[in-house]
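Colleague: Okay, here's what each chain looks like letter by letter:
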Amino acid sequence: MHHIPITVTVDGMTYEREVEPRALLVHFLRNDLGRVGTVIGCDTSNCGACTVLLNGRSVKSCSVLAVQADGTSITTIQGLSDGNEWHPVQTAFKECHGLQCGYCTPGMVMSAVDLLSENPNPSEAEIREGLEGNLCRCTGYHNIVRSVEMAAELMGGAK
Amino acid sequence: MTATTETPSALGRPIKRKEDARLLHGQTNWTDNIQLPGTVHMAILRSPYAHAKITKLDVSPAKNHANVVNAFGAAELGDLNGSIPCVWPVTDDIVMPAFPALAPDTVRQVGDCVAVVLATNPQSAVDALEDIVVQYEPLPVVIDMEKAIAPGATPVHADAGTNVCYVYNLGGGYEEVKAKADVVVKRRFINQRLIPAFMEPRSVVAAPMGMSDEITVWSATQIPHVLRVLLALVTGIPENNLRVVAPDVGGGFGGKLQCYREEVLVVNLARKLGRPVKWTETRSEDMLATHHGRDQIQDIEIAATKDGKLLGLNVELIANMGAYLQIITPGIPLLGMFMYPAIYKMEAYNFKCTGVFTNTTPTDAYRGAGRPEATYAIERIIDELAAELGMDPLALREKNWIKHEEFPYTTVSGLTYDTGNYEAATAKALDLFGYDELRAEQKRRRDSNEPVQLGIGISTFTEMCGLAPSRTLGALKYVAGGWEHCTIRVLPTGKVELITGTSPHGQGHETAWSQIASSILGVPVEDIEVVHSDTGRAPYGMDTYGSRSLAVGGRAIKLAAERLIEKARVIAAHQLECSPADLEFVNGVFQVKGDASKQQPLGAVAFEAFTAHNLPDGVEPTLQGEATVDPDDFSYPHGTHLAAIEVDTETGKVRVRTYVAVDDVGIQVNPMIVEGQVHGGLAQGIAQALYEGAFYDEDGQPLNATLSTYLIPAAPDLPSFITGQTVTPSTTHPLGTKGVGEAGTIASTPAIINGVVDALRHLGVTEVAMPATPMTVWKTIQAAKGGK
Amino acid sequence: MIPAAFEYTKATTVAEALAALQAGGEDAKVLGGGQSLLPVLRLRLNAPSVLVDCSGIDEISGIREEGGKVVIGAGATHHAVMNNALVKSSVPLLAQATATVADPQIRHRGTCGGSMVHADPRADLPPVALALDAEFQIAGSGGQRTVKAAEFFQGPFETSVGPDEILVSVSFPKYDGWSTHYEKFNRTAQAWSIVGVAAAVRMDGGKIAEARIGLTNVGGTPMRASAIEQALVGASSLADIEAAAARASDGLAPFADDDADEEFRLHLARVLTKRAVAAASGLK
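Residue numbers (my numbering), protein chains in the order written: chain A, 1 to 159; chain B, 1001 to 1788; chain C, 2001 to 2284.
Do not take every clue at face value.
Said to hold, decoys possible - Simulated coverage check for chain B against chain A, where a stretch passes if three residues somewhere in it have a Cβ under 8 Å from a Cβ of chain A:
| no. | segment |
| --- | --- |
| 1 | 1029–1035 |
| 2 | 1190–1204 |
| 3 | 1243–1250 |
| 4 | 1278–1285 |
| 5 | 1504–1514 |
| 6 | 1666–1676 |
It should be emphasised that the hints constitute simulated quantities derived from the structure, not laboratory data.
Each residue gets a CB set at the ideal place from its N, CA and C atoms; glycine is no exception.
Just need the whole structure built from these sequences, with the hints factored in.
Modeller: Okay, structure coming up:
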């Protein structure tokens, strides 16, 4: 099976690699680039743990082929904060105890970032709907919802 | 120097978690992140049949596949095909079948391991599975538990000749009290099979270290310490050559309280191949191969007088073991056995449990482990008894519960509850809930026959935390003890290492344990590092499950810290040239009573203990305190949960409108973490009531063993919760704490179903099966309307 | 979790895609947004030898108005469709139903055309296409042809798009003056519809003058409920709607699964049709 050259920018760094056509974006991130902050939680597109931003929009990186990411820019949980400056969503998740085991967290945070970019001042119902593609088994979502509400405030949405 | 005044203790404060920075930045160390040079990846061929003879197995074609290092069936593995252990033979005559990691000749569940391929990359290992030649001859399948123990059923284990694993009896006297009862209510509840579905799939890496005999094992496990002992026993690797590490672990809920086939295979193959071996399950494998929970048929009967005084309880369980016995499979129902009488006073209690083999995934601990089943049954039947008596369900509970002034109280099942205040928790819950208003709305909806009916669900639960006093475990034939260990070291620079035997996987031990130690040592929380989950760095421990970490581990932390202070006091007194008795210890500083100018901070004492230039005679260098403690008793959190449930009678859809949880977990180390534990527990308990259930068809094929068909709730499926607490300190725990890991799960399932039934009782509904899906609820309403 | 190996070709025009499909033979498969296909490949439920990636074909990814119709390029993502001003104003039923498809991440990648061609009996968009008499433009080696929704869905996971063809666009007539509602019913937010009802009505003087109803997951293909559409004409109250909706199960031969047996599924068809029409019409 021949490999295909791709060029992808991940968290601000541009990589040139050759990939098998069947390689999933999440496998590429984890195995080829060592970007293991993005994790795999299922094989049916349900859990959302592997969510990253592709050209600024949330996608499940298990549901994109690495070759399809050619020429795109990817942001993962590892590229979200600006140096030592935490992203407001990260800050809010810590402040509101929006994580326990932390396994769903990379995807949950990236989905929350996407949600707030589209709707800076969401209602509780909109937050819950907006996170429907991400499963969490620890928090019962209560504090995740609080976290997104707080992040909206921190980002100046709640005006 | 000014006198030190007391600063607020870290204990009891909602301190933000230390764990979060790395978790929120993807700087994590999940087992699957570990990529060692030369690693060989394992893939597993699993049985598609629930019960079959393996008539042919040829793994050799797989070996010809590119990048494949080797392939093995049971025959090729020989002695390295270890037998998976069960450590809880609950009766003397229990049937304990052999449980080889790879099935040698017969498969007994869909997902049974048949062969493995090892390759230099994961994709080649998976590809080569397709080259293995295997043939099966299907055998009769037993799925239904009652059919499994009926005469003539095919035994899951032919050599056992029966599907009865064990029969366990406790108590007596029920028939006598039943004879004098005015009212007897009997119900059959099905406590359905659940899948733990922690978010991080299981993963294990084993690496021989250099040319020595040592092997390091990283596993996504709750029990690195117990696993080390078991792997040593199963594989024959000397225990002292095995190091087991649980790196960051993404949830467990009991599902990672296990010694799994895959762990044994990876360790044995790493030893055989002399190179690192790694295996990470897919989610679809997880749903078949990680142990399941619950799955009991509960026949329960309660006897009472006509004015609502409880007389006795009779419980007969049939508990599904699955195809094999895993680590504590047989004991799970016994963890519930003591809890059926719950918070209620009664004269007699009979319990019988029959453990049954079927051609299904083995069951074992899942969040609550036995107690959710017990609590569900008792809280459901109390509601049914109230309906039979025409009493308010809360009034019936109050009439029979142990009053706060009656503690300590020994229940009919023989447990002694140290403390509790059911009145206070209930009063607080009612206050938060608006009970009377909701009853008025319920009446209004009933009177106007609205499509959406309202029900109020009640659960006044207690549970048993803190596994466990070792002698009690011994009496129950559990092979291990229930102690816990802590070592605390103040390093020469004044920083603190707290080494615990608990093994967190989301609970926040690093933060909470720091708070306990900080409150005693006076060292800032951020200066304390909690070392855990690595038998190389934290050699002693019994790990994390059964809401035991604080209940048992917390004792060890407190005692270790106190012992450390006592040693430091002697050194400080020597330095300050006074008697140890003249010193007081405030905020991490020893000072001479009445003379604030004479002080010695703990850090300075530690440095003195490090240099050892001027220690008092007989005092050893270094400053540390150690404790290994056995709990005096279990602890008994309790609470009152109230749920307002809307049932759409046209579609059968259930909505949780309001959920109030008032929990009494005793003294709280970190209320933020406590609340988070309750939230997550509620979600899992609500999920059992409404969404989840793992089912098989008659051929033993799983009907919904993927995450797209086994429906765990997402954010839109749950409400925000209203939580409150009362604090009745445990008197058997030196910190007054009880435990909180499982409370929410245990309490919420009956609260939800009681609410669903309450919404529909006026239509003639007296029982709704779990999960209460739209079809189940709608069909139940139709049957009740039709007078069926 | 690791698909079986396949070859990959990226097409940038419809012509390139058709040529690649032809060259790939019968095991070649179109990759659109991949949100239905990749899960199938990950679980190795299917193993095509070649994937022809059509997700980068600009000529089929736009949304435009043409000849009084709203034309949705097959490659337009769900996210683009549900947020498109033209769709929201002229085919609001499609916008509303699209917003219920899967979750935000999947809607960012998944496409309207992909969902139609996948033709999952549980899918939310096919009943909308059926109710609104959408038309499907299909390109093949012999040129382009147009197929009406009523003929497009041929069975579970089966449409009139041939193995060497690709869907180019779906065009929806504009329903100015109509009001619409999509009523989705599932067990959890992530679950597929047990039954879904797409309803569009034209009101005249407080009465329903015309109605269009499509149902999902009551058979192997989406179903048009013509009997109710007739019965709804003249309805002026919820009671009238309920009476008409009682016929929602007429002519259906639904199937049983774990979520609903035949009886419950028929019952849901009636209840949800009533609710969808009530919501669309505003009648009480």
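Colleague: Run every hint past the structure and note whether it holds.
Modeller: Structure-based check of all given hints:
{"no.": "1", "hint": "1029–1035", "in the structure": "holds (count 4)"}
{"no.": "2", "hint": "1190–1204", "in the structure": "holds (count 5)"}
{"no.": "3", "hint": "1243–1250", "in the structure": "holds (count 3)"}
{"no.": "4", "hint": "1278–1285", "in the structure": "holds (count 3)"}
{"no.": "5", "hint": "1504–1514", "in the structure": "holds (count 4)"}
{"no.": "6", "hint": "1666–1676", "in the structure": "holds (count 4)"}
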